[in-house]
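Number of protein chains: 2
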Amino acid sequence: MTSPINTIIEQRISANLFDPTKALSAAQIKELVRLATCAPTAFNFQNWKFIAVQSTEAKERLKAVSYGQQKIVDAAVTFIVCGTLEAHKTLAKALKPSVDAGVLDQAICDSWVAMAAGGHENNPESQRDEAIRSASMGAMTLMLAAQGMGLVTGPMIGFVPADVSREFKLSANDIPAMLVAVGYAAPGNWPQKPRLPVDDVLTIV
Amino acid sequence: MTSPINTIIEQRISANLFDPTKALSAAQIKELVRLATCAPTAFNFQNWKFIAVQSTEAKERLKAVSYGQQKIVDAAVTFIVCGTLEAHKTLAKALKPSVDAGVLDQAICDSWVAMAAGGHENNPESQRDEAIRSASMGAMTLMLAAQGMGLVTGPMIGFVPADVSREFKLSANDIPAMLVAVGYAAPGNWPQKPRLPVDDVLTIV
Numbered sequence: 001m002t003s004p005i006n007t008i009i010e011q012r013i014s015a016n017l018f019d020p021t022k023a024l025s026a027a028q029i030k031e032l033v034r035l036a037t038c039a040p041t042a043f044n045f046q047n048w049k050f051i052a053v054q055s056t057e058a059k060e061r062l063k064a065v066s067y068g069q070q071k072i073v074d075a076a077v078t079f080i081v082c083g084t085l086e087a088h089k090t091l092a093k094a095l096k097p098s099v100d101a102g103v104l105d106q107a108i109c110d111s112w113v114a115m116a117a118g119g120h121e122n123n124p125e126s127q128r129d130e131a132i133r134s135a136s137m138g139a140m141t142l143m144l145a146a147q148g149m150g151l152v153t154g155p156m157i158g159f160v161p162a163d164v165s166r167e168f169k170l171s172a173n174d175i176p177a178m179l180v181a182v183g184y185a186a187p188g189n190w191p192q193k194p195r196l197p198v199d200d201v202l203t204i205v
Numbered sequence: 001m002t003s004p005i006n007t008i009i010e011q012r013i014s015a016n017l018f019d020p021t022k023a024l025s026a027a028q029i030k031e032l033v034r035l036a037t038c039a040p041t042a043f044n045f046q047n048w049k050f051i052a053v054q055s056t057e058a059k060e061r062l063k064a065v066s067y068g069q070q071k072i073v074d075a076a077v078t079f080i081v082c083g084t085l086e087a088h089k090t091l092a093k094a095l096k097p098s099v100d101a102g103v104l105d106q107a108i109c110d111s112w113v114a115m116a117a118g119g120h121e122n123n124p125e126s127q128r129d130e131a132i133r134s135a136s137m138g139a140m141t142l143m144l145a146a147q148g149m150g151l152v153t154g155p156m157i158g159f160v161p162a163d164v165s166r167e168f169k170l171s172a173n174d175i176p177a178m179l180v181a182v183g184y185a186a187p188g189n190w191p192q193k194p195r196l197p198v199d200d201v202l203t204i205v
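Sequence lines, in order, name chains A and B. If you count by this note's numbering, then the first sequence holds residues 1 to 205, one letter each, in order. If you count by this note's numbering, then the second sequence holds residues 1 to 205, one letter each, in order.
Keep in mind the hints are simulated off the structure, nothing from the lab. Hints may be right or wrong, so weigh each one.
Same chains, same label: a pair holds when it works inside one copy or across any pair of copies.
Taking lysine to aspartate or glutamate and the EDC-like style, the derived pairs with C-alpha atoms no more than 20 Å apart in a straight line are [as the list claims (entries may be wrong)]: (1) K63 to E167; (2) K22 to D100; (3) K193 to D105; (4) K63 to D100; (5) K96 to D110; (6) K193 to E10; (7) K22 to E125; (8) K169 to D200.
Note that this is a predicted model, so its numbers are computed, not measured.
Based on the sequences and whatever the hints tell you, model everything.
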């Protein structure tokens, strides 16, 4: 029994309350990240990293640098979703599976690497935009995949980036873009909050 | 017959080739944006705008500032997905539907507006990150919703932001984060390109 995608999109909530007794297996965590990485990235950069914070010790460290948010310890796992800077430097590696599979030929791969370098070298704003964009699309896909598995998710921007980077030994190129708590709902969560009318945010030209 | 969400995620492609003979109705465009805006945003900012470029005239103008990408004219519609700066200034309006529905009380709404202002005022990097993050999550949700309707999508970062802003009269606060072409597939598109192994991008702690 599967829900149509529009039902999953409509029923997703930003959960604050998680059942602290229920865990996720490593296999479930890997499956969530596998699906998250099906999201698109410019040039197929795949310029993201996912830190799955699951142990009691690591949850406490993350909570301490995230304004004490209780859902980090109650949820089965909280992902630190990072986008990475200087993505043009790792693009050849990111495209290798496509070349190996015969989807892209080496000449296209080389031309993309050159184009990406041209756009990103010496352009910190483009690099950061790309990091935030890729991480956000990956996180969104992860949240919908989780919803489809009967889980709930809680996205968070309430954390101190420099402290998260230090505690979890992120490299200088790894930008923590968002935290996403994932687990089983406890009672009492808000529903999805109402949105502005579509006509307030859409123009057709 | 609906596909499970993981199938939709796995089958989504970044399409380059669209059937230029097939259009989308205004109702279909509105439904795509309604679903896109079910995506979460920090504080429920809803700091996004969607410009649906559908007329022949507007498509030609967008193509001209997007390195001549043909899919912009071939696709039924291309969305300019914008994130907006200074989201804290419009948060009270964005939360009004939640207050009116009784989901949030006015005191919580007021406290969120104060918190958001504290984090975003005089902080252009946070504002820009938030704009890119919200627009990217909205765009990702739109792409999956479209896939669920039997459509294909082509996300693009290949455009000149200042020229797009001028041509489509965006305000200084509207940051075009991504273009998303939407329509019906023509033959010959790439499959979803292979990804790096999950263990390359995931750490469990």
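So, going through the hints one by one against the coordinates:
1. K63 to E167: Close inside one copy (11 Å), not across copies (45 Å); limit 20 Å.
2. K22 to D100: Neither. Shortest intra-copy (40 Å) and inter-copy (35 Å) distances fail the 20 Å Cα cut-off.
3. K193 to D105: between (46 Å within a copy, 12 Å between copies)
4. K63 to D100: neither (41 Å within a copy, 33 Å between copies)
5. K96 to D110: Within one copy only: 11 Å inside a chain, 50 Å across chains, cut-off 20 Å.
6. K193 to E10: Cα proximity of K193 and E10: one copy only (10 Å, versus 28 Å across).
7. K22 to E125: neither (40 Å within a copy, 37 Å between copies)
8. K169 to D200: between (42 Å within a copy, 16 Å between copies)
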